[in-house]
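Undergrad: Now for the letters of each chain:
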Amino acid sequence: MKYVFIIAGVLLIPLTIAAGLIWVERRLLALFQDRYGPNRVGPFGLIQVLADVVKIFFKEDWIPPFADKAVFVMAPGILIATILLTFAVIPFTDNFLVLDSNIGILFFLGNSSLGVYSIVLGGWASNSKYSLLGSIRASAQMLTYEVFMGLSLVGVVMMADSFSLREIVEAQQGGWFFIPQFVAFLVFFIAGIAETHRTPFDIPEAEGELVAGYHSEYSGMKFGMFFVGEYLGVTLISSLIVTLFFGGWLGPAFLPPAFWFFLKTGFFICLFILIRASLPRPRYDQLMELGWKVLLPIVLLNILITGAILIYNSSL
Amino acid sequence: MISILRSIWFTFLHAFHKRETQGYPEKKPYLPPRYRGRIILSRDPDGKERCVACNLCAAACPVDCIALQAANDYNERRYPLFFRINFSRCIFCGFCEEACPTYAIQLIPDFEMGEYDRQNMVYEKENLLISGEGKYHGYNFYKVAGVDMGVKGIGKGENEEPPVDLKDLIH
Numbered sequence: 001m002k003y004v005f006i007i008a009g010v011l012l013i014p015l016t017i018a019a020g021l022i023w024v025e026r027r028l029l030a031l032f033q034d035r036y037g038p039n040r041v042g043p044f045g046l047i048q049v050l051a052d053v054v055k056i057f058f059k060e061d062w063i064p065p066f067a068d069k070a071v072f073v074m075a076p077g078i079l080i081a082t083i084l085l086t087f088a089v090i091p092f093t094d095n096f097l098v099l100d101s102n103i104g105i106l107f108f109l110g111n112s113s114l115g116v117y118s119i120v121l122g123g124w125a126s127n128s129k130y131s132l133l134g135s136i137r138a139s140a141q142m143l144t145y146e147v148f149m150g151l152s153l154v155g156v157v158m159m160a161d162s163f164s165l166r167e168i169v170e171a172q173q174g175g176w177f178f179i180p181q182f183v184a185f186l187v188f189f190i191a192g193i194a195e196t197h198r199t200p201f202d203i204p205e206a207e208g209e210l211v212a213g214y215h216s217e218y219s220g221m222k223f224g225m226f227f228v229g230e231y232l233g234v235t236l237i238s239s240l241i242v243t244l245f246f247g248g249w250l251g252p253a254f255l256p257p258a259f260w261f262f263l264k265t266g267f268f269i270c271l272f273i274l275i276r277a278s279l280p281r282p283r284y285d286q287l288m289e290l291g292w293k294v295l296l297p298i299v300l301l302n303i304l305i306t307g308a309i310l311i312y313n314s315s316l
Numbered sequence: 001m002i003s004i005l006r007s008i009w010f011t012f013l014h015a016f017h018k019r020e021t022q023g024y025p026e027k028k029p030y031l032p033p034r035y036r037g038r039i040i041l042s043r044d045p046d047g048k049e050r051c052v053a054c055n056l057c058a059a060a061c062p063v064d065c066i067a068l069q070a071a072n073d074y075n076e077r078r079y080p081l082f083f084r085i086n087f088s089r090c091i092f093c094g095f096c097e098e099a100c101p102t103y104a105i106q107l108i109p110d111f112e113m114g115e116y117d118r119q120n121m122v123y124e125k126e127n128l129l130i131s132g133e134g135k136y137h138g139y140n141f142y143k144v145a146g147v148d149m150g151v152k153g154i155g156k157g158e159n160e161e162p163p164v165d166l167k168d169l170i171h
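Taken in order, these protein sequences are the chains called A and B. Under the working numbering, read the first sequence as residues 1 to 316, first letter to last. Under the working numbering, read the second sequence as residues 1 to 171, first letter to last.
Worth flagging that the hints you see were computed from the coordinates, not collected in a lab. Backbone N, C-alpha and C define an ideal beta-carbon position, used for all residues, glycine too. Do not rely on the hints blindly, as some may be mistaken.
Anything over 12 Å on all C-beta distances counts as not near chain B; from chain A, calculated [unchecked claim]:
| id | residue |
| --- | --- |
| 1 | Ile6 |
| 2 | Asp34 |
| 3 | Gly37 |
| 4 | Ala88 |
| 5 | Phe107 |
| 6 | Asn127 |
| 7 | Glu170 |
| 8 | Pro180 |
| 9 | Cys270 |
| 10 | Leu274 |
| 11 | Ala277 |
| 12 | Pro297 |
Not everything, but these chain A residues come out facing chain B in the computed CB check (under 8 Å) [as the list claims (entries may be wrong)]:
| id | residue |
| --- | --- |
| 13 | Val24 |
| 14 | Arg27 |
| 15 | Phe32 |
| 16 | Phe66 |
| 17 | Ile103 |
| 18 | Ile275 |
Start from the sequences and build out the full structure, keeping to the hints where you can.
TA: See below:
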């Protein structure tokens with residue numbers, strides 16, 4: 001029975017946060033741009049999300065006649081499913097997690113690779129130029145950034161001596177990993193932005209050139225699912241950053257561990273939004289150059305140095 | 001790299017800036033007295049219509065949104081039989097106010113004229129005519145005009161000399 005509650009909680013909490021993020025993002029963007037944002041519906045505009053959802057449900061859910069119907073319908077589901085699955089291995093606290101897997105990090109990396117399918121299939125099934133261009137860009141970008149997203153975690157894994165996210169958090173009792181692994185943290189953060197394709201790495205859905213990229217043919221709640229998927233992705237990456245580099249639920253004892261986890265995650269979600277508010281989108285080739293020529297060597301160097309220090313320490 | 005962090009920091013500082021939003025329906029904005037908004041027809045200090053139905057406003061209107069018809073009252077004084085402004089066409093340029101020789105037609109600082117029905121954007125004379133003098137107080141066209149409409153006799157106004165008898169050569 002306890003597990004049912006935990007599973008329901010782990011399903012519901014990210015979905016609620018993702019829905020709330022629609023409001024949070026609009027309010028925060030407005031704050032950074034000296035505006036108010038949605039403040040009409042309910043107190044502080046909190047009911048805005050509900051109004052948006054009602055509206056999006058009443059929209060015509062149109063499938064273009066030229067689309068590959070089955071794949072077209074399936075694509076947004078894959079995105080949500082892969083991201084929600086990943087939440088299974090995230091330890092909210094030391095006993096509030098669905099699956100204490102000994103391959104937690106690999107499970108996350110595998111799922112985020114599967115998430116690319118959603119975008120590729122969505123763009124492909126739409127059978128339109130811009131969607132296909134968007135999904136081509138998305139797949140190239142996500143494959144590139146996944147390479148060193150995975151590599152940036154190697155240092156953490158070496159220091160914690162485990163792939164299990166719970167054990168990684170527990171290994172941070174003595175000190176959070178973002179200090180020794182600061183470079184890896186930066187690279188993981190950048191890769192995380194690219195992985196959730198948020199501004200400034202939202203090249204797959206660049207409005208200016210590709211209309212909306214891979215989801216330009218989508219309407220109604222299917223379009224909404226892509227958006228919820230994006231916000232889920234932001235939540236996921238933020239909670240992973242917290243778990244891997246900022247000690248997860250660890251924190252001074254005057255507040256419960258779950259609170260610390262959500263506080264830190266919330267901070268990184270706000271950072272995501274701040275970055276969106278301030279940075280313009282790079283050119284596509286610049287994005288690829290940054291990935292392969294700068295971040296990849298840095299990450300490899302980080303692995304070498306971390307390994308060298310660990311071996312030196314253990315030989316003492 | 002530094003410039004990226006710098007721009008993120010300066011964007012963050014904007015969180016503490018004053019917000020530019022004007023909370024319009026709750027907080028009304030200040031409109032200067034010469035703001036060009038809703039058009040009205042004003043009256044003399046004695047409460048008579050200022051409009052003499054000269055049609056200059058209709059002629060000046062670049063979008064042809066003013067329609068009126070002249071008529072004479074029992075005193076042979078001209079007035080508009082009907083005066084109609086189609087506000088769905090009006091561009092609030094204020095040319096009618098400039099053209100008006102009697103200060104009758106005036107633009108006032110009010111812009112809240114939204115309607116659900118386009119027909120309701122057409123204002124008739126009873127919608128336009130106000131009971132006051134609008135922006136120009138104490139002005140009565142017939143006090144400076146050269147015709148006698150029962151306001152003052154010919155040649156009786158301030159700074160006005162009595163009419164010259166053209167057939168008299170003495171002065």
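Undergrad: Next, verify each hint and record whether it holds.
TA: Verification of the hints:
At roughly 36 Å, the least C-beta separation between Ile6(A) and chain B is larger than 12 Å, which holds for a residue marked as non-interface. In this structure Asp34(A) is not separated from chain B by more than 12 Å, as the shortest Cβ-Cβ distance comes to only about 5 Å. Non-interface call for Gly37(A) relative to chain B: violated, since the shortest CB-CB distance, roughly 9 Å, does not exceed 12 Å. The beta carbon of Ala88(A) sits about 33 Å from the closest Cβ of chain B, which is more than 12 Å, so the claim that it is off the interface holds.
At the 12 Å boundary, the C-beta of Phe107(A) stays outside the reach of chain B, the nearest C-beta of that chain being 32 Å off. Listed as a non-interface residue, Asn127(A) keeps its Cβ farther than 12 Å from every Cβ of chain B; the least gap is roughly 38 Å. Here Glu170(A) stays apart from chain B, with its beta-carbon at least about 32 Å from theirs, past the 12 Å limit. For Pro180(A), the condition that its CB be more than 12 Å from all CB atoms of chain B holds, with the nearest at approximately 21 Å.
For Cys270(A), the shortest C-beta to C-beta distance to chain B comes to about 10 Å, within the 12 Å cut-off, and the non-interface label is violated. A beta-carbon of chain B is positioned within 12 Å of the beta-carbon of Leu274(A); the least distance is around 6 Å. Listed as a non-interface residue, Ala277(A) fails to keep its Cβ farther than 12 Å from every Cβ of chain B; the least gap is roughly 5 Å. Against chain B, the non-interface label of Pro297(A) holds: every CB pair exceeds 12 Å, the least being about 15 Å.
Look at Val24(A): its Cβ only gets to about 13 Å from chain B, farther than 8 Å, so that hint breaks. For Arg27(A), the shortest C-beta to C-beta distance to chain B is roughly 11 Å, which exceeds 8 Å, and the interface hint is violated. Restraint check, Phe32(A) versus chain B: the minimum CB separation of about 5 Å is within 8 Å; hint holds. Taking 8 Å as the C-beta cut-off, the interface hint given for Phe66(A) is violated, the closest approach to chain B being about 39 Å.
Checking Ile103(A) against chain B: minimum C-beta separation of about 35 Å lies over 8 Å; hint violated. Given the 8 Å rule on beta carbons, the hint for Ile275(A) holds: about 6 Å separates it from the nearest Cβ of chain B.
Of the numbered hints listed earlier, those contradicted by the structure are 2, 3, 9, 10, 11, 13, 14, 16 and 17.
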